[in-house]
Amino acid sequence: MTSGSGRQREPGGADVRPVVARGGASTPMWVFVAVAVLAAILLFVVLDQRRREVAAPSTAPRSIDRVQTMSALPPLVLPYTPPPPPPPAPLAPVALTSTAAVPAPTGPAPGTVQPVRPMAPPQYTPRQPPPPPYAPPSGYAPQPGPPSLPQGGQSAGRVLVIDTAAPTETASDGSPRPDSATSEQAARREAIQSGRLGPRAMTVPEGTLIPAVLETALDSTRPGFARAIVSRDISGFDGSRVLIPRGSRLFGEYQADLAAGQNRVTVLWTRLVRPDGTTVALSSPAADTQGRVGVEGRVNHRFLERFAGALVQTTLDIGASLAGRSLRGDDSIIVTLPGITQTGAGASSQNRIQPTLRVDAGARVTVFVARDLEFSSGMGRRE
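Quick note, the sequence shown lines up with residues 347 to 729 if you use the working numbering.
Since the hints were made in silico from the structure, they are not lab data.
One should not assume that every hint holds.
[To be verified] Here are the in silico distance ranges between beta carbons for each label pair:
{"hint": "1", "residue 1": "GLY607", "residue 2": "LEU543", "range": "53 to 63 angstroms"}
{"hint": "2", "residue 1": "GLN700", "residue 2": "GLN539", "range": "41 to 51 angstroms"}
{"hint": "3", "residue 1": "PHE649", "residue 2": "GLY544", "range": "47 to 57 angstroms"}
{"hint": "4", "residue 1": "VAL400", "residue 2": "THR427", "range": "20 to 30 angstroms"}
{"hint": "5", "residue 1": "PHE653", "residue 2": "ASP622", "range": "25 to 35 angstroms"}
{"hint": "6", "residue 1": "ARG592", "residue 2": "PHE653", "range": "45 to 55 angstroms"}
{"hint": "7", "residue 1": "ARG592", "residue 2": "GLY637", "range": "43 to 53 angstroms"}
{"hint": "8", "residue 1": "ALA563", "residue 2": "GLN539", "range": "14 to 24 angstroms"}
{"hint": "9", "residue 1": "GLU552", "residue 2": "PHE649", "range": "36 to 46 angstroms"}
{"hint": "10", "residue 1": "SER723", "residue 2": "ASP579", "range": "12 to 22 angstroms"}
{"hint": "11", "residue 1": "GLY623", "residue 2": "ASP565", "range": "23 to 33 angstroms"}
{"hint": "12", "residue 1": "PHE571", "residue 2": "PRO621", "range": "12 to 22 angstroms"}
{"hint": "13", "residue 1": "LEU614", "residue 2": "SER586", "range": "28 to 38 angstroms"}
{"hint": "14", "residue 1": "ALA563", "residue 2": "GLU720", "range": "32 to 42 angstroms"}
Just so you know, these numbers come straight off a predicted model, no measurement behind them.
C-beta: ideal position from N, C-alpha, C; glycine also.
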């Protein structure tokens, strides 16, 4: 039966649930934490002590080293020094007896007077006579001095006057000409006179940039001619009239003088033709849109053509040197390839190949006007 409390009981009222023993009291967590902290502190102290012993200076010996050093010292032995020998006893004087005869002195006997030998007179060398005074040659004649003026302030005759000034040139009419140096200095002092531009409405001044478009392609392999068309109207100096209308034709020529390292070709425009038939000589160079002289294009350096001969020559030389090595002893084999000298000459000629530059048609260029262009004559109508 089940009661209101939810427990199962037998009809007699006894509790039928199993009896389970309770677990023992577990060790609290703070004990483990305290043990771990103490172990960490102990390990840190031990490691720090060992680190200090290792890092200690070598001058402070440890007790173990001191004991080992004292036990390793050899026994102290002093070297034996013998005593100094006693001083020698004094010797008795020895009497010397000689049987050899003593030679008699060779000098004069005392009391004798020797004669005095007279001194030889000194040798006298006569002195050289002085050189004779300088005498002028026989052909020399004294030059007369300047004429003296008469005394008393009155002239006794004509007086000679010498003029040392440079001669003055005279003109055909007898008038004196000015000195050339003086005339040059005077010309230098003259100021440069200003001029006046022609009719401003009919003049394109120097330095004007005329934009154009190339109608022909350029190739610097050979010199040739070029043609372009003006792409914008160009007015006169005051801007009141259009002097070079759009559509005008430009004719010029270019040279094949491209050098190594250059990427521009020089074009010289020689003639301009307007749509109405008016022509004008230009003699002006071509430039890019920013005014830099020359037309920029693609450069072909022709690397293979220039260095193929050198590569072939190097390959032949290496092959000949490898084939010339001996396989036995010191014997030598000389291998000569026919035409190797001609190959080297061809390689040197190929090194002189110049790069080429190409400019496609339709490239934008400008004409840098090198002098004033005046359209006063030949203007058939007002633009």
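Status of the hints after comparison with the structure:
no., hint, in the structure
1, GLY607 / LEU543: 53 to 63 angstroms, "violated (41 angstroms)"
2, GLN700 / GLN539: 41 to 51 angstroms, "holds (48 angstroms)"
3, PHE649 / GLY544: 47 to 57 angstroms, "holds (53 angstroms)"
4, VAL400 / THR427: 20 to 30 angstroms, "violated (47 angstroms)"
5, PHE653 / ASP622: 25 to 35 angstroms, "violated (55 angstroms)"
6, ARG592 / PHE653: 45 to 55 angstroms, "holds (48 angstroms)"
7, ARG592 / GLY637: 43 to 53 angstroms, "violated (20 angstroms)"
8, ALA563 / GLN539: 14 to 24 angstroms, "violated (48 angstroms)"
9, GLU552 / PHE649: 36 to 46 angstroms, "holds (42 angstroms)"
10, SER723 / ASP579: 12 to 22 angstroms, "holds (21 angstroms)"
11, GLY623 / ASP565: 23 to 33 angstroms, "holds (31 angstroms)"
12, PHE571 / PRO621: 12 to 22 angstroms, "holds (21 angstroms)"
13, LEU614 / SER586: 28 to 38 angstroms, "holds (30 angstroms)"
14, ALA563 / GLU720: 32 to 42 angstroms, "holds (33 angstroms)"
Comparing the model with each numbered hint stated earlier shows that hints 1, 4, 5, 7 and 8 do not hold.
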